[in-house]
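First to last, the protein sequences are chains W and Y.
As numbered in our numbering, residues 1 to 233 make up the first sequence, in order.
As numbered in our numbering, residues 234 to 466 make up the second sequence, in order.
It cannot be assumed that every hint is accurate.
DEER-style ranges, computed between Cβ atoms [said to hold, decoys possible]: (1) W/Val-9 - Y/Ala-460: 49 to 55 Å; (2) Y/Asp-437 - W/Pro-2: 58 to 64 Å; (3) W/Gly-60 - Y/Gln-279: 51 to 57 Å; (4) Y/Asp-437 - W/Thr-202: 51 to 57 Å.
Straight-line distance between alpha carbons at most 25 Å, and here's what the computed BS3-like set of lysine-lysine pairs gives [stated by the list, open to error]: (5) Y/Lys-452 - Y/Lys-320; (6) Y/Lys-320 - W/Lys-158; (7) Y/Lys-391 - W/Lys-87.
For the record, the hints were derived by calculation from the structure and aren't laboratory data.
By construction, the Cβ of each residue, glycine as well, lies at the ideal position given by its N, Cα and C atoms.
There are 2 protein chains.
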Amino acid sequence: MPEPQPKPVAVVLLSGGLDSSTCLALAQDQGYECYALTVRYGQRHQAELAAARRVARALGVKQHLELSVDLAAVGGSALTADIAVPKGRDAAQMAQGVPVTYVPARNTVFLSLALAWAETLSAEHIFIGVNALDYSGYPDCRPEFIMAFENLAALATKMGTQQGRRLRVHAPLIRMSKAQIIQTGLSLGLDYGLTHSCYDPTPDGGPCGACDSCLLRAKGFAEAGAADPLLKP
Amino acid sequence: MPEPQPKPVAVVLLSGGLDSSTCLALAQDQGYECYALTVRYGQRHQAELAAARRVARALGVKQHLELSVDLAAVGGSALTADIAVPKGRDAAQMAQGVPVTYVPARNTVFLSLALAWAETLSAEHIFIGVNALDYSGYPDCRPEFIMAFENLAALATKMGTQQGRRLRVHAPLIRMSKAQIIQTGLSLGLDYGLTHSCYDPTPDGGPCGACDSCLLRAKGFAEAGAADPLLKP
Chain W
1 MPEPQPKPVA VVLLSGGLDS STCLALAQDQ GYECYALTVR YGQRHQAELA
51 AARRVARALG VKQHLELSVD LAAVGGSALT ADIAVPKGRD AAQMAQGVPV
101 TYVPARNTVF LSLALAWAET LSAEHIFIGV NALDYSGYPD CRPEFIMAFE
151 NLAALATKMG TQQGRRLRVH APLIRMSKAQ IIQTGLSLGL DYGLTHSCYD
201 PTPDGGPCGA CDSCLLRAKG FAEAGAADPL LKP
Chain Y
234 MPEPQPKPVA VVLLSGGLDS STCLALAQDQ GYECYALTVR YGQRHQAELA
284 AARRVARALG VKQHLELSVD LAAVGGSALT ADIAVPKGRD AAQMAQGVPV
334 TYVPARNTVF LSLALAWAET LSAEHIFIGV NALDYSGYPD CRPEFIMAFE
384 NLAALATKMG TQQGRRLRVH APLIRMSKAQ IIQTGLSLGL DYGLTHSCYD
434 PTPDGGPCGA CDSCLLRAKG FAEAGAADPL LKP
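Bound conformation, chain W alone (with noise of 0.2 Å):
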């Protein structure tokens, strides 16, 4: 009998949020042993770090590390600083410009702190749940964006340096509608009420229902023709 191949080494990064969630449970689906990465960057809120703790636990992770990096410190978001987040704005509203949400540089910081990690694990994956159409207005949730970091991860580690391996970063919600992100996770048994998304949740942790992170969530799971776990009837 031939022994059983190996299973290739993912990290993958995990806020609790929808998306890296669902990209976590496509990853498990994939057949990749997968470490999933938090990093605490001076959130406002602790709910998505218990969201993440709750999503790795569920979907049996190999190890769940939270790293902190002090992005609050540098400022610039409404997610870090005291700026205060947009409320009830529609589609067209949220397709303008760069907004108040986005924080600097953050997932070049993230896949830094990935690309640690892999080569500390002689992982050859990193896998990111970013999204391309429901956030249009980040620079770094775009295909050249992912394309660039990882022609960098092969310059930037011993691991680039030896014949026959590259490392690659994997986006694979990158061109998914909500709904269709939704509709995946749903088809992988993932539980969204594990999950959380709000920006601006209430004292309880709960969601606010009206910032853009919210809205999102909503018009996907309306798309999907699912109901969102988390909003209880």
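With the hints as your guide, set chain Y onto chain W.
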């Protein structure tokens, strides 16, 4: 009389070592308004951070920011984990492969944090004191790595989406010998007694005299025909 032009703004990565301190002195001399960024990445000793503070103060930077990121949690280096620092190696031994003092993806992480701050400051310049000659074993000290990061930065940021602006990553020491770096700093009046290079300092923070970094520094001062103010006779 014409209005005085505002100085171009630069984020300068400053470890407190010989190279990054020289890089900061050069950037200041070239007329940049300098914001020094020191990344606390779980070093085993605090002597480097103290040196960064001394140098930033002495050179009169506009602001000195210390950001913490726990690269030690990622593991894999003698500089953050419990791996012995090699001592007494000659140039041929140092040139063999990637050294154990290499921190996984360190310069990628450092540059991404500098990019986050640069974006917040609207700075179009980042300075990093990497050197390709003495650190030939470090993949993220090569010119092609710096160029790949510059390409990434253009795609990663709001600034990159605005016409006519492009973030530049300056690595002015990249092709200099250690002696040339020291001569450059001395010509700019930099006091190398403020800096710190040792990978494995003595309990009172002094240099061990035998690690790669101490040996390269001693050789550099010898070739520059200068005395190292850190070594009292």
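Structure-based check of each hint:
no.: 1; hint: W/Val-9 - Y/Ala-460: 49 to 55 Å; in the structure: holds, 50 Å
no.: 2; hint: Y/Asp-437 - W/Pro-2: 58 to 64 Å; in the structure: holds, 60 Å
no.: 3; hint: W/Gly-60 - Y/Gln-279: 51 to 57 Å; in the structure: violated, 39 Å
no.: 4; hint: Y/Asp-437 - W/Thr-202: 51 to 57 Å; in the structure: holds, 53 Å
no.: 5; hint: Y/Lys-452 - Y/Lys-320; in the structure: holds, 15 Å
no.: 6; hint: Y/Lys-320 - W/Lys-158; in the structure: holds, 22 Å
no.: 7; hint: Y/Lys-391 - W/Lys-87; in the structure: holds, 22 Å
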